[in-house]
Amino acid sequence: MDIILKGGHVVDPANNVDSEADVLIKGDKIAQVGKNIKANGAKTIDCKGKLVFPGLIDMHTHLRQPGREDEETILTGSRAALKGGFTSVLCMANTNPAIDNKGVVEYIHAEASRAGLINVYTAAAVTKGLEGKELTEIGQIAEAGAKALSDDGKPVMNAEILRRALEYAKMSGLPIISHCEDINLSGNGVMNEGFVSTKLGLKGIPRASETVMVMRDMELAGLTGGKLHIAHLSAKESVEAVREAKKRGIKVTCETCPHYFTLTEEAVLGFNTKAKVNPPLKTKEDIAAVKKGLSDGTIDAIATDHAPHSAEEKDLEFDFAASGMIGLEFALSLANTELVKNKVLDWSGLAMKMSVNPSKILGLTGKGSLAAGSDADVTVFDPSAEWVVDEKRIESKSKNTPLAGRKMGGAVLITIVGGKIKYENGRFD
Amino acid sequence: MAVKWTKKDLLGLETLSADEIGLILETADSFKEISQRPIKKVPTLRGQTVVLFFFEPSTRTRTSFELAAKRMSADMVNIQTNASSLTKGETLKDTAKNIEAMKVNIIIMRHSCSGAPQLLAESVSPSIINAGDGSHEHPTQGLLDIFTIKEHKKKIAGLNVSIIGDIAHSRVARSNIWGLTKMGAKVTVCGPATLMPPEIEKLGVKVTYDIKEAIEGADVINMLRIQLERQGQSLFPSIREYAMKFGLDAEKMKYAKKDVLIMHPGPINRGVEITPEVADGPYSVILEQVTNGIAVRMAVLYLVSGVKERIE
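Those protein sequence lines, which keep their order, are chains A and B. The first sequence lines up with residues 0 to 428 when you count with numbering that gives the first Met the number 0. The second sequence lines up with residues 0 to 311 when you count with numbering that gives the first Met the number 0.
Incorrect hints may have been included.
As the list claims (entries may be wrong) - Here are the simulated DSSO-like cross-link-like pairs (lysine-lysine), alpha carbons at most 27 Å apart as the crow flies: (1) A:Lys202 x B:Lys149; (2) A:Lys202 x B:Lys205; (3) B:Lys39 x A:Lys391; (4) A:Lys398 x B:Lys92; (5) A:Lys250 x A:Lys235; (6) B:Lys39 x A:Lys396; (7) B:Lys149 x B:Lys39; (8) A:Lys391 x A:Lys235; (9) A:Lys101 x A:Lys169.
FYI, nobody ran anything at the bench for these hints, they're computed from the structure.
Use the sequences and the hints to build the structure in full.
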């Protein structure tokens, strides 16, 4: 059935639209965006006072399948994505077995179509088993439809191997998404190194652990002309380094995550393992730098780094607890509260970071745009709705978030994927 | 003293007020005499069960707590294991829940992970006493150090106390800093730059890498144990250089005040952080610290057990 979204504030920066308009969906494609479109029998949804975005794309999601289906599956992760307004996700390769060959890439795609809720794209590993030693069969992986390469969770510590990966991946056009961390500097650190780590007596990870690798990887991108995307940028110095590299003309893009513009290391006080994440939460100055990077275009994308972990993996001594937090269901609300309300980004700017740019970086076709003929992936968001994060109402199979009890500004009302309403007011289809 | 003890647990000195620390010291003062009696036993904790739950090897602290509990007639159980009990498939919380189910009153815990006692305190009902957690806190050591200083100097406020050694990895340093600064002492920390935690000055202490500066004018010098395996972590080049730069010897003692107190939480690496002539010398109160440890731990057990409220 055709759908018409009536009278919403359409935010479609790919087509310079940022005003009240109707969106007509025919079949699985966008048919038209404009004023006073006639319904002609299409299901009419009143969107007055709501925002209508091209479907959000999370280019950094851990779906845990295969291997840790107790924490998340492609199905449960898809539901969490829909609730958060994401119509597409890029799932990371650190599953068990790892997504490091054509067969596992095809398995992910098969499971995703079985779940049938959202577009699941895969990032396959750069190196076999994410061990940083031998390149995966990048050519075959690309043919199987992977959209990026990443050993995320771990850095490729050997610069020579990353150099060759950047070169080799040029043939397929896949970007390499780099988890920037010098594991020697990080050592067995568990949180940001600073006053809070000193107070708690926890081993710190120095901020330079991220930045030295950001700089190294960008030099390798410059050397090879390869396509480099830096994952989960968190430190002020890293943002500055990317800004300088872009000025020098190096081909690099990067993302940050909502927790890096929302939370500081203080969230760890009381040994709160839910705030344990890698890279670790930093300081107010870092939040300011991340916001500046978002507003001046240094940071291209906002991704969630949705990292589900079971209670058993979190309810431990801080040193032993797993790193990571879930993010799909909170990202847009946090971006609304922290970025739009604080005038860091306008709605178009936000749509760039959460839809247009991820689509471009991953080379997706028909995504990140509401132009006629694009895939009918649409997110309808009510910026004035308010809700409180309640663990019992989290869709993700895992509940590991430090945000429980936090008041959220704005809620996703409708998520449309391929012309079908997959999520509407708390109900999934 | 007007202040009343209200805390279920003793996790650290960070969360105590100066009055609460004062109450513990005062209580310890009255318990100290018990250990000097021929029959070293009072019925104060009769019928209470105390579990020593040690995930890290310890002789001094464990024995001290054990004697403190026994001299107060508590029933004692000793569990000695290591932090990797996780590999056996049971989490710390589950182990603690099992101990709780056996209806114990107090769990005294040592663990190599910072924050482990807090995790326990949040999950089970018995009182938790932290007997040292990772690099975080060792509150009873801090208290017995302050108690010992007060016995000799009759006050804490205004004293210059220098803590010298591996500050970064030291729970003793942190508990001393919290306790001493709350009580009005001026604390200096001294050690190699690699063993100095970042932004420690924000805790209200002076930082120096020059041991002479730390010794001069100090009323108290607290020498920390250096863990010899740190050498392999490129935190200092050699034990020899460490001893020369940061070890307290007779030569460096020339800069010290004539009435300085030399302390050490033990166990001592003789000839590394402190030479035998200083450790055994006239300024040393190292063994008095050990004696006072029992009194302080009796006081903590007494206050935490809530016995006081019941008697009054």
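Results of checking the hints against the structure:
A hinted pair counts as satisfied when its Cα atoms are at most 27 Å apart, and lysine 202 of chain A with lysine 149 of chain B does not qualify at roughly 33 Å. Taking the CA atoms of lysine 202 of chain A and lysine 205 of chain B, the gap is about 22 Å. The hint holds against a cut of 27 Å. Distance restraint check for lysine 39 of chain B and lysine 391 of chain A: the Cα-Cα separation of roughly 55 Å exceeds the 27 Å cut-off, and the hinted pair is therefore not satisfied. Distance restraint check for lysine 398 of chain A and lysine 92 of chain B: the Cα-Cα separation of roughly 19 Å lies within the 27 Å cut-off, and the hinted pair is therefore satisfied.
Our distance criterion of 27 Å between C-alpha atoms is met by lysine 250 of chain A and lysine 235 of chain A, whose separation comes to about 20 Å. Proposed proximity of lysine 39 of chain B and lysine 396 of chain A is contradicted: the alpha carbons are some 57 Å apart, above 27 Å. With a CA separation close to 24 Å, the supplied pair lysine 149 of chain B and lysine 39 of chain B stays within the 27 Å bound. For the hint pairing lysine 391 of chain A with lysine 235 of chain A, the CA-to-CA distance comes to about 35 Å; that exceeds 27 Å, so the pair is violated.
Restraint check for lysine 101 of chain A and lysine 169 of chain A: the C-alpha separation of about 18 Å stays at or below 27 Å, so the hint holds.
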